[in-house]
Amino acid sequence: MADHLLEQTLSPAQADLAQYYQEGLQAQTPDVTVAEPRRDLDPRLVELLNLDPNRAPTRDEIAQLLSGNRTDGAPIAGKQVQKATESLAELLGLDAARVPSAGEIEHVAAGRRANGEALSEAMPGSTAKRLLALYGVPTKRDASAEELAHIQAGRRADGAELRLAPLAQALSATRARIGYIDLCWSADKSVSLAWAFAPTEAERNIVMQAHRDAVGSALEYVETEIGRARKGKAGRDGHDPGRIAWVRFDHYTSRPTVEVPRIDRTTGESYTQLVTMKVAGDPQLHTHVAIPNVVLTEEGRIGGLDLQRLEGCIKEFGATYHAYLATNLRRHGIEMALDPETGAARVTAIPSQARDAFSKRTRNGTEAARIYARGLGLDWDSLDADRKVGLAKQGIQGDAKQVKQDDQSDWPSWQRQARELAWQHDSVLRPEAAQAMPDRAERLEHAFEVGRDLLDRQWQRHSVLDGADARVAAARALVASGIEGPQDISAVTRAFAQRGVRHDGQEAGLIWGVVTDARGQEAVKLTTTLHAAREEELVALAQSAAADRSGALAAGAIDAAVDRSDYDFTSEHGQKQRAVMDRLGQGGRLEVAIGVAGAGKSTLLSPLVDAWAAEGRTVYGAALAWRQSEDLQKAGIAPERQAAMSVFLDRATRQQISLDRQSVVVVDELGLLGTRQLLDLLRLQKEHGFQLVAVGDPKQCRSIEAGAVIDLLRQALGPEAVPELLSTVRQQTEQERKTSLLFREGQAAEALARKREDGTAQIVPGGYREAVEYVAALWQARRQANAHDPAYTLSVSAPTNADAREIAAAIRVHRRAAGELRPDQVVLQAADQNDVAFDLPLAVGDRVRLFARTNAAYPDRSRGIIGNNGSVLEVCAIAAAGVTLRNAQGREGVVKWDTLRDVESRRIRLSYGDVLSIDATQGLTSSEHIEAMPAGTRHVNAYKAYTQASRHRQATYLVTSDGAERQEIMGRRPLGDMRIIREADVWANMGRNLARAPEKENALAFLERARDVRHGAVRALQAGLQPAEQRQAEGLEKTTLRHSLRRKTVAEQVAGMAQGLRDAVRQQGGVVAQLQAAVPRLREKVEQALGAAGPLFREMATRIRQRQEQVRQERELAAIRTELLRARKAGWQQAQARGLAASEPEAVAEKRMRQEVAVMSGAELHRVAAGWQADADRRSRENQAASRQTQSRGPRLRM
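So the sequence shown is residues 9 to 1207, counted in the working numbering.
In short, the hints are calculated from the structure, not lab data. Keep in mind that a hint or two might mislead.
Dumping the calculated BS3-like pairs for lysine-lysine here, alpha-carbon to alpha-carbon at most 25 angstroms [said to hold, decoys possible]: (1) 137 x 148; (2) 1008 x 323; (3) 584 x 642; (4) 746 x 584; (5) 323 x 87; (6) 1137 x 1159.
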């Protein structure tokens, strides 16, 4: 690691200039980069680590420091040393990816290794007991004969079922000694290009110094967060703040990594060696900072870094660096902007084309190696592993025209690449534009608005966020506004809590609470009032619709429909289908069912559709996407009554389809819908009264939008009211059905073990390219093996559209060799639905996928839809005006290029169709399926793993990249952990990834959990564990969470009007009081004079009182309308001043707002007034609490 950190990426002359301009230290030798210790290092740490802050340490000194020692190799005095441990699998010679055999258990129980060899003398005698403890045998005694029999049979010691996943994890578990951590801050590519192409050395070093200063500022913040020596076990007794040391290494270029397949000569095991190429690569300013795992407190106590806290802060540290970098560069007049996609500080003068072009060589190290080898007259792919590694380490430039043997920055190559792009760079410095930082209030207001937009993007996809997400959004917002210190992050986050957030473009209140995570640690979670309100409304509408049983089918109607069908429901699975069918048909106006992939949902829906039609009902079908809605045709729903959900909702809203109580709407793939979409559908149901039947599986691909709707519906209706069909008939063998369902249950390790046994899981040695080529070859082999079967179909899925394109391009090579493709006729400038641009060579015979519902002209001169988003069609002809396509039904039509062209980018929305993304394959069925993961399994969770693993009838083949898996393992391990990565580690990593089931929590579920934890904290408070004032000072209001759900957050300026409103109401109340006092006297006199007319006058008095109340209410509402109009006008004026509102004349805006306020009901106006009052009361409580605020004593959202 020391060698990697010390690699020089500047020429000696450039390094000398950098040292001159930055007044830095001198490197120990000219061929290494400068290792710069912390310049203000605490003198006590200087002595403790033997680290001189005014001298660059040598290679050996750095190596000792990274190993957890002093620079002279001596132990660090007073530092508790954590011993490294080997895994049980290594100690005993077991394969962690499978259950030990009976023979292996027998050997281990007898005190030997799994193969019968004697244990090492250095091995502890408790090793065997450690293994048996994993099966449930107490370590204090030996296993009984009965327990050993169970264990040898592959069960737990008590005979219960054994789970492979936790066993494999325990077998491979090791503990490394963490001597240091390596934090790396990397500038955006635009900043690196501004540095590389600066016209003068002075400007180049201005940019570099801005980066260095930003890293230094971020490190000071890091010290406050992880430089804490914990007290007690796992920090249960708190922590003491302390000082830390670091050594920083500035690097100037990116280093591609090449994956070289190898074979272990001792074991014969295939593996992948990761080699960092000695290549200039692309300009990339980045700084590695090695921080020894040492904290020195003020009292002199020595502890380790708070690495647990690091996990939750790492993104915030990165965002803080970018905020400082933007602020530093603006001081020199360089225009900076926030990149909303990456959160990075971007130089606006650098075009996106250049940013992307100068990243390509880094992204593909293997391609860079091929280019270099060709320059030497060699074929990289034909070299053996040793030659590849040797060639990579010599010095690959990645450019055959500029062959060098060093790893130093290659300005001539960069200049030539810029000329090829026709990019002429000029200075980015604009001294005349340099401005002083705006005052704090202005900066924080700007950051608040930007941060709300950043959070809005997340609220659209998640109902509940981590508290750290709010701080990251605040830190990124400060990239746009400028930062003075970490206190700005807290100020912006506090503003989110006090003033609310933006959600779907609406103002919403922020709700936060403390929950306990899976590790038993307290964590802050967030949601919004809008999420909670939507979910409450959805639950209420669902309950109301389900309670209405007026549309239930009679049992005889379903029996008759089943008799008319060709389906047999007498088998065990068929009986389960029939039970679900009866529930859906005979229940309320809303019925929901869960069915696993291949459960035969279309089969059980078909008789229901027939029965509804027999009663004269109109049946519609909808799903998230058009292609999925087409599957409902198998259930008997007419094509003209099928639609994508967004289209169906739009048509219904516009009354383009007729919905009434005789209508039935069937929703497929329910789990893909978000809360907002299902709520819109339930609102339509309430309005029109139609029957709503929904089926789906919460364990396949999940919704992109916020909300887990199946969980919400189970909460609304009760779990017992949502039947589940958990058996499948898609797979032809019990072995395949079992393996598929293991993936569904998150038992990926067990599923992978079964696939290893039958040879359908493959770890391909090498990197991305090797995995892609393996998948293409496997595709061809499986087609050839099944060429005799005309009904055979083969599908391929990949995690991303980019992966799908790469694999499809490799498959084209095989198809062309087989004579299935003609020569390429055109190269399209294409793009996918995410606006990712690429070139797409096209030939007759290609299979292409559509990204939108597409019209075509047919030979009979008619026009119509030829395919939808996700449809795969064959290219029959290519012409200047368009392309002739053939769909799955065999119909051919001409599609104009303009029909496929994106309106804004003008690129063609088309891609290859031999491989689809995992999301696009949901609902697809084929004879065999290939699960291709060329970039590794890290982007595939349990939901997508199950979707992939359940597409087939006969077999599915899982393929991943060994190099990608090993790179992920390196990144997942604690920084500084240099343990060898073995094949068992790779299988365990795959099992971990494919078993991940990221929780998509609903707001109501979070609030229920948070309420429980909060109540628990109150009970602990009574025992004196935490003062109530601390909770209030940290923003945890004393009102109930249910009340918080109903309360709306209003704009800050409106709160000040509460007192004026109370005064107005009080004046009206005085008048009413006088009138009310007069009424009894008047009634008494009238009754004395005209006793006979008493009833008449009593009625008159009642009417007077009613009129008085009416007048009072009208005046009160008039006062509220006046104040509300004034507030809205003030808000509009402020928005206009900041350019945040649409431009319109003030008179027009006032008229519009007056009309909006005029049509508001009395109830709505009273809710507004109540909100003002609640806001004023809350501010009063906060002001009182602020005076009593004490230092925070627990993990809370820092506001």
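We went through each hint and held it up to the structure:
At most 25 angstroms may separate the alpha-carbon atoms for a hinted pair to count; residue 137 and residue 148 meet this at roughly 9 angstroms. Distance check on the hinted pair: residue 1008 and residue 323 sit about 21 angstroms apart at the alpha-carbon level, within 25 angstroms; holds. Note on residue 584 and residue 642: the hinted pairing holds, with a Cα-Cα distance of about 20 angstroms set against a maximum of 25 angstroms. Using a Cα cut-off of 25 angstroms, the hinted pair residue 746 and residue 584 holds, with the two alpha carbons roughly 18 angstroms apart.
A threshold of 25 angstroms between alpha carbons decides the hint, and for residue 323 with residue 87 the separation of about 29 angstroms lies outside it, so the pair is violated. For the suggested pair residue 1137 and residue 1159, the alpha carbons sit about 10 angstroms apart, so the restraint of at most 25 angstroms is met.
In the structure shown, a violation is registered for the earlier hint numbered 5 alone.
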